[in-house]
Amino acid sequence: MSSRTFGSAIRRREDPRLLTGLGTYTDDLSLPNMAHAAMLRSPHAHATIVSLDTSKAAKAPGVLAVYTGKDTAPALKPMPCAWLLPNAGLNIAEYPLVALDTVRYVGDIVAVVVAQTPYQAYDALDLIEVKYKTLPAVVDPEKSAKGTGAPIHASVPGNQAFKWTVAGGDADAAFAAPGAVVVHDRIIQNRLIPTPMETRSALAQWTAATGELTLWNTTQNPHIVRFIGSLVMGVPEDKLRVVAPEVGGGFGAKIAQYPADFLTCFCAMKLNRPVKWTETRSENYIATTHGRDHVQDVALCGTKDGKITGVRGTVWAGMGAYLSTAAPGIPTILHGLMLCGPYLIDNVKEDVYGLYTNTTPVEAYRGAGRPEATYLLERLIDRFAHAIGKDPAEVRRINLIPKFDNGHNVATGLTYDSGNYHGALDKIMAHVDYAGLRKQQAEARAKGRYMGIGICTYVEVCGLGPSQVAGAIGFQGGLWESAIVRFHPSGKVNVFIGTKPHGQGEETTFAQIVSSELGVDVNDVKVMHGDTDKTPMGWGTYGSRTTAVGGAALAVALRKIKDKATALAAHLLEAPVEDMDYADGRFFVKGAPAKAKTIQDIALMANVAWNMPAGMEAGLEASSFYDPPNFVYPFGAHVAVVDVDPATGAIDLKRYACVDDCGPQINPMIVEGQVHGGVVQGLGQALWEEAIYADNGQLVTGTLMDYAIPRADVLPEIEVLSTVTPSPHHPLGVKGIGEAGTIVSTCTMYNAVVDALRPLGVDTVPMPMTPERVWRAVQTAKKGA
Amino acid sequence: MYAPSFDYHRASSVAEAQKLLAANPGAKLLAGGHSLLPVLKLRLAAPSALIDLGRIAELKGVSAANGGVRIGAMTTHAEIATSPVLAKSCGIVAEAAAQIGDMAVRNRGTIGGSVAHADPAADLPTVLVAVGATMEIAGAGGATRTVAAADFFQGMMTTALGDGEILTAVWVPALGAGTGAAYAKFAHPASRYAVIGAAASLTVKNGACERAIIIVGGVTATPTALPSVAAALTGSNLSAEAIAAAAGKAAGDLTGDLMGDVFASSEYRRHVTGAYVARAVAAAAARAR
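Which chain is which? The protein sequence lines are H and D, in order. Counting from 1, position 23 in the first sequence corresponds to residue 23 in our numbering; the numbering is continuous, with no gaps. Counting from 1, position 262 in the second sequence corresponds to residue 1262 in our numbering; the numbering is continuous, with no gaps.
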């Protein structure tokens, strides 16, 4: 590999169009004769539909059609769940696209209106008359397990979607060992609303003459939309084209398949004209999937000199009213298997109960399961350190897995690829002058100021993943990725990828990979994605996998090109292939670099094919379907420094510093951007974000006036550092970085706040740590003292 | 996102706006729209018509007048926040305006729209009561009247404005030498409205506090005076200890129904208001000296 642009912080080619408003999102598209759909959504969390009268709406100005479940059920199969978790008693309740006789969350679709304009469609929604008989609701997963509310699905006893257990070693024995120090915690993983800048949208065009359907859709994985959409709608895959234009953020919420998208298609097919649907922000908050929502009862045990010996817990995970596409795998595979973290922990056991609740379905949200694992482990470790009177950084140092280059097995059954966890910890501690910070803290405390330091180490699993593993864990798809590299006669390159970048910058970084592998100018490469008619099959962007898997597919395809180019160059230079050498886009006979064929020479000759070796096909194009042999495991160490005002409960984040290791960085600026975004989203969970449901199932934080997302002006400069530990199995050595920040920053922040308040006797604050909650924690501790 | 249909009228003068108001029962005045339009988009209100005051020149601008400053009702928060006239004469108004919402809100939202809407969590009502502002109101028959800010805010989203009346300007006094005023705010992290807003206006003579006015908003339905805090400050030397002791009386003054929601309960607001009052007082004292 040459290093012409690999490792350069070149500017993102996506930004000029995105920052100047020239990006084309689904809702920007308009087709002749296009109609507009609007969804009537249930205002109740749990109710039976006594009567439903659409006659007034059907006659309203501009209305073309009103459809109810009676119309859609015969034509559309229920929404499938695509992660069939094995050995967990998975009980999938039927998920109709339009509610038939029962609504199960505020936002369940009851009817669809299509009109000439969106305004007419929304006016008509108000004219649909529905009589509901409300039923008791349940919004809390633990209460759902205890039978609160009315049963949500007749086919699901006890509302239990699954019970899954992870076990390694003998946790019960570790906890029972003589002299074991045991710490307990009860953790509420607050439910989050992903809040992408672009709400969800679909535009469907049906061509009756050919039976072809095109769906423009804001999605992280257009090929999955085609795959599942074909199953739901009965349109053959070869006649279903899914296009994801510019996608304005997803954070996991645009992995899932949604009734509204396929209903938009249904309307287009019924009316034989294009139909568009775009959700409002309020609709996005109730109808697009949420994240997290765990109740965790957890414990950790260890020796009094600091060795962690076991982790044990029970988790109640809220799944919402229906199982969304990938939902069962999130609080289980992506959570429970990471309970060893970066530590030598031999004994682990966790039971995870997935519970239906009368809430919006829960899905992947940036980090997806791994933040919930890292959080509980890092929170327990701070408790443990406090219990044995050791510094939290020291306890981590004692337990971190020593440096390894090629494989380390942990108790949950995973094999981490490579890690240098002590290296990351050392680097962050030196950078922040950890000892100096502790000294400052002691001085601050002496003056009555409440300064806190949070320090966490983490490892995460991403680059999902080997397809054989996907099959074994019930994921109803492959997890490989694909790339086609096509050299044009002039030496310019198009790359077609199956995955779907949506803001992460792979149009830039993938061009950098091409440039580095074959020496073409980075500006001579265009990366194409998002159209199932134009790109090879792929599984999409989630689990920090586009560079980790898609980038590997690209590298393998490029190496095929290089092999062919070498053979062709050898032919043209009249030399044996084994005598050939390559450097920076030039193919030459060893020792004679002056007389070289450039990659552009080769591209031209391959395309005109005037003088090819016997048996060599024309063209310079290669494809790869890359199935990774293992996941990748990025890691790092983060530090937060805060001041807390016990009088008001206000938290002032003074400093946030991180060391992350995602292997060799293709573009350090983009890595830094991903770390920034990830850290900030994790801080959002710690400090501001919470989807609050009233007991009757109404979403109280249903607008951006109530639901607080992080803003730039309340954050410090984030100090981003890194170490470089290549993955042994990735062709470029790279690991994912999209989610790392989110996975660790929530607990780093939490630990800093609790550390600040320890002198007052505070040992926990519920998330998000709003000023009132901090203030109450202080009041409670004062009363207890 | 999709408001119900309404008629739109653009008035070019106050008189025309009043005519339109009379001719369109159920109409609402549009004065920036940063509270009204979200309500329409959520379909929580469906006025028959909007009468846009945005192009009425006579309602705009900040100018020195009658020993104080006259602020036209359609002056934006951004203009108020950056007004040199206000900075010199009554800086607390600019200080509060600079903390409203975000840049986009401040560029469109107006003082008239804000005070006529009378959201309990708005910033300007609190400071206008604290400085003793006067509201200028055009009546339906062409008559004008003035109302003291303290009498203008009558309840949650309720003001002294009668049917057919339009708020035309807000007059604030020049604070003068020896008087300092400051605003301290705990902003909601989502809406940026005041969970607690505390305004203090202090007159200092020979190192002692001669007069103190303490008004809080956000905590209460309308701007509310804290008389015990003011009394404790009056005559004091405004030392850190004196300020802390006086601010400690804030909770005792907040006896009625207080605002509360899932983010900040009334109990919490009652107990921490004093901390924000202390900040406002300390800043006002520094400016008065």
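Derived by calculation from the structure, the hints in this document are not laboratory data. A portion of the hints provided could be inaccurate.
Stated by the list, open to error - The calculated DSSO-like cross-link candidates involving lysine-lysine, where the alpha carbons are at most 27 angstroms apart (straight line), are:
#: 1; chain 1: D; residue 1: K1019; chain 2: H; residue 2: K56
#: 2; chain 1: D; residue 1: K1041; chain 2: H; residue 2: K131
#: 3; chain 1: H; residue 1: K59; chain 2: D; residue 2: K1041
On a predicted model such as this, the values are computed, not experimentally measured, just so you know.
**Request:** State the violated hints by number, sorted upward, taking the hints as numbered earlier in the document.
**Result:** 1
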